[in-house]
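Protein chains in written order, with the numbering used here: chain A, 16 to 146; chain B, 70 to 454.
In short, the hints are calculated from the structure, not lab data. Quick caveat, the model's predicted, so the values are computed rather than measured. Worth double-checking, as some hints may not be accurate.
[Claimed, not checked] Reference excerpt, derived from the structure (chain A facing chain B, CB under 10 Å, subset only):
#: 1; residue: 35
#: 2; residue: 36
#: 3; residue: 81
[Claimed, not checked] Capping the alpha-carbon separation at 27 Å, the derived lysine-lysine pairs in BS3-like fashion look like this:
#: 4; chain 1: A; residue 1: 42; chain 2: B; residue 2: 224
#: 5; chain 1: A; residue 1: 42; chain 2: A; residue 2: 121
#: 6; chain 1: A; residue 1: 95; chain 2: A; residue 2: 121
#: 7; chain 1: A; residue 1: 38; chain 2: A; residue 2: 101
#: 8; chain 1: A; residue 1: 101; chain 2: A; residue 2: 121
#: 9; chain 1: A; residue 1: 101; chain 2: A; residue 2: 113
#: 10; chain 1: A; residue 1: 101; chain 2: B; residue 2: 388
#: 11; chain 1: B; residue 1: 388; chain 2: B; residue 2: 224
#: 12; chain 1: B; residue 1: 89; chain 2: B; residue 2: 224
#: 13; chain 1: A; residue 1: 42; chain 2: A; residue 2: 95
#: 14; chain 1: A; residue 1: 121; chain 2: A; residue 2: 36
#: 15; chain 1: B; residue 1: 224; chain 2: B; residue 2: 330
#: 16; chain 1: A; residue 1: 113; chain 2: A; residue 2: 95
#: 17; chain 1: A; residue 1: 95; chain 2: B; residue 2: 388
#: 18; chain 1: A; residue 1: 38; chain 2: A; residue 2: 113
#: 19; chain 1: A; residue 1: 36; chain 2: A; residue 2: 113
#: 20; chain 1: A; residue 1: 36; chain 2: A; residue 2: 95
#: 21; chain 1: A; residue 1: 121; chain 2: B; residue 2: 388
#: 22; chain 1: A; residue 1: 113; chain 2: B; residue 2: 330
#: 23; chain 1: A; residue 1: 95; chain 2: B; residue 2: 224
#: 24; chain 1: A; residue 1: 113; chain 2: A; residue 2: 42
#: 25; chain 1: A; residue 1: 42; chain 2: B; residue 2: 330
#: 26; chain 1: B; residue 1: 224; chain 2: A; residue 2: 101
#: 27; chain 1: B; residue 1: 254; chain 2: B; residue 2: 330
All residues carry an ideal CB built from backbone N, CA and C; glycine is no exception.
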Amino acid sequence: MTGPARYWREIPQRYRYEAAKCKGCGKVFFPPRTVCNGCRGQAFDDIRLAQTGTVETFTVIRVAPSGFADQAPYAVGIIKLDDGVKLTAQIVDCDPEKVAIGDPVKLEFRRLQEDGESGILCYGYKFVPAT
Amino acid sequence: MREVAVIGVGMNSWGELWEKSHRAIWTEAALQAIEDAGVDHVDAMYVGCMSGGLFVGQEHLGALLSDQLGMGPIPGTRVESACASGGLSFRHAYMAVASGMHDVVLATGVEKMTDVDGAAATYALSTAADQEYECYNGITFPGLYAMMANVHMNKYGTTREQLAAVAVKNHDNGSLNPLAQFRGKVTAEQVMNSVMVADPLRVLDCSPITDGAAAVVVAPLDMARSMARSPLVRVAASAHATDAIALHDREDLAVLSSTEKAAEGAYRQAGVGTSDLSFCEVHDCFTIAEIMVSEALGLFDRGSGGAAAASGATALDGKIPINPSGGLKSKGHPVGATGIAQIREAVLQLRGECGDRQVQNARYGLTQNMGGTGASSVIHIFERA
């Protein structure tokens, strides 16, 4: 059983979308890192991710992992945010079959998974169509 | 560095081996390789295993398995690089011999995947991806490859039929491999009508859950010559490259750049190009993976791997046969063992011992073993010496 610390320490990213921008080369990391893989710099500015972007690719999950079974079928995509950062997230509030590459989407804060064995409620970001 | 030869190979029949334990499966393959090599000892051994912990609750495999083999106190090392654990285990055995540290070394791979239920197996496999920023958000392993497939289809016009052609061809080849898990042939219609797992990938686009092990013995080429095993198989190149573990951290989702990088290094070391290769054993964990790997190896231009598969160019009698063994798709995919089984196939092809699936006049063979969604790639080139 996973303890709460593993979820708790990711809260700045999953609830507040905090990222790090390398002071040396400007590359943005989400989640933040210790070393920039672009220039090996170790100094970063805290920034907040852009909240809108487009679907770079996606799939419809029919066979879901544990914790997501009640949601299947659902769409998951790689979203390219307007600041250039890419992340993996569900695309919801739409017909999963109608999602397409290039669709504009916006980020929303949602509950992600069922309670696991440890009873932790897992929250984070999902995307919804931006119309 | 010393020249290195593969002097023995072993592999058991793969499948759902409920009556056999993790250690029993491994020992069977290891003994076969040692017998095939005709040696009475090994100086060291490596075992590639992705997740003894999650699949059978057992770690510390280096010590456990060298004891099982009766080789007592020799150095036994477990190597992990997700689905590329086997290929990487071989690379470390190769380096140990090439460096002069050891003479006769056993390189092995094993995975026992059916002791847990489907959900637990799926979870174990998903640990090859980024747990906190991919899996936490509901993606699965087939889902990650499905997202790569969608990019490839969108960018290059790769079709559903071309994906199916890979599965059909690999099952055709696997039907000729007595050790393969699924020896039945499949039609394109069966593939395209099988259960959808993650659009556009269906269950017959996916490699199976498998129990199995494979092993090979390596030694200095000079020593191998005196042991008079003929024909000899020389390790012409060994290369390994990595990439971001999360798919979303990669610039171009339609390119496997760790495979491109490793291939570049392997061709340079071997002093050969793609036209010199007689066949390739590649990591077709999903049909789209084989297409993308065939492009990353430079066998076909970017974006044309799907059309090449559909044209028959990669069939057993094609221009460049890919996965004469049946690949992961038909032979099975006990993750840690896969890389070693690819090498076994390459050695048997170069020795001319593959029976009905023999590639004619094989001189150079390439193996490519991949971890995760391509975050690691291990490539070897072998030559009939």
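Verification of the supplied hints:
1. A least Cβ separation of about 14 Å between residue 35 of chain A and chain B goes past the 10 Å threshold, and the interface hint is therefore violated.
2. For residue 36 of chain A, the suggested interface contact is broken, since its CB lies about 16 Å from the closest CB of chain B, more than 10 Å.
3. Residue-level restraint check for residue 81 of chain A holds (minimum Cβ-Cβ distance to chain B is 5 Å; threshold 10 Å).
4. Simply put, residue 42 of chain A and residue 224 of chain B have alpha-carbon atoms about 26 Å apart, close enough for the 27 Å limit, and the pair holds.
5. For the hint pairing residue 42 of chain A with residue 121 of chain A, the CA-to-CA distance comes to about 22 Å; that is within 27 Å, so the pair holds.
6. With a CA separation close to 11 Å, the supplied pair residue 95 of chain A and residue 121 of chain A stays within the 27 Å bound.
7. Taken as a hint, the residue 38 of chain A and residue 101 of chain A pair is honoured in the structure, with Cα atoms around 20 Å apart against an allowance of 27 Å.
8. For the hint pairing residue 101 of chain A with residue 121 of chain A, the CA-to-CA distance comes to about 13 Å; that is within 27 Å, so the pair holds.
9. Taking the CA atoms of residue 101 of chain A and residue 113 of chain A, the gap is near 21 Å; set against the 27 Å cutoff, the hint holds.
10. Pair hint residue 101 of chain A plus residue 388 of chain B does not hold up; C-alpha atoms about 39 Å apart against a cutoff of 27 Å.
11. Of the pairs offered as hints, the one joining residue 388 of chain B and residue 224 of chain B holds, with about 26 Å between alpha carbons and a cut-off of 27 Å not exceeded.
12. For the hint linking residue 89 of chain B to residue 224 of chain B, the alpha-carbon distance of about 46 Å lies beyond 27 Å, and the restraint is violated.
13. Distance hint between residue 42 of chain A and residue 95 of chain A is fulfilled; the C-alpha atoms sit about 14 Å from each other, no more than 27 Å.
14. Only pairs whose Cα atoms come within 27 Å are accepted, and residue 121 of chain A paired with residue 36 of chain A is accepted, the gap being roughly 21 Å.
15. Between residue 224 of chain B and residue 330 of chain B the alpha-carbon distance is near 22 Å, which keeps this suggested pair within the 27 Å criterion.
16. Taking the CA atoms of residue 113 of chain A and residue 95 of chain A, the gap is near 18 Å; set against the 27 Å cutoff, the hint holds.
17. Between the alpha carbons of residue 95 of chain A and residue 388 of chain B the distance comes to roughly 39 Å, so the proposed pair goes past 27 Å and is violated.
18. Distance hint between residue 38 of chain A and residue 113 of chain A is unfulfilled; the C-alpha atoms sit about 40 Å from each other, more than 27 Å.
19. With a C-alpha separation of about 34 Å, the suggested pair residue 36 of chain A and residue 113 of chain A falls outside the 27 Å cut-off, and the hint is violated.
20. Taking the CA atoms of residue 36 of chain A and residue 95 of chain A, the gap is about 16 Å. The hint holds against a cut of 27 Å.
21. Taking the CA atoms of residue 121 of chain A and residue 388 of chain B, the gap is about 48 Å. The hint is violated against a cut of 27 Å.
22. Note on residue 113 of chain A and residue 330 of chain B: the hinted pairing is violated, with a Cα-Cα distance of about 36 Å set against a maximum of 27 Å.
23. As the CA atoms of residue 95 of chain A and residue 224 of chain B are separated by approximately 16 Å, the hinted pair is consistent with the 27 Å bound.
24. For the hint pairing residue 113 of chain A with residue 42 of chain A, the CA-to-CA distance comes to about 33 Å; that exceeds 27 Å, so the pair is violated.
25. A C-alpha spacing of about 23 Å is found between residue 42 of chain A and residue 330 of chain B, which places the hinted pair at or below 27 Å, so the restraint holds.
26. For the given pair, residue 224 of chain B sits about 18 Å from residue 101 of chain A by alpha-carbon distance, which is consistent with the 27 Å threshold.
27. Distance hint between residue 254 of chain B and residue 330 of chain B is unfulfilled; the C-alpha atoms sit about 34 Å from each other, more than 27 Å.
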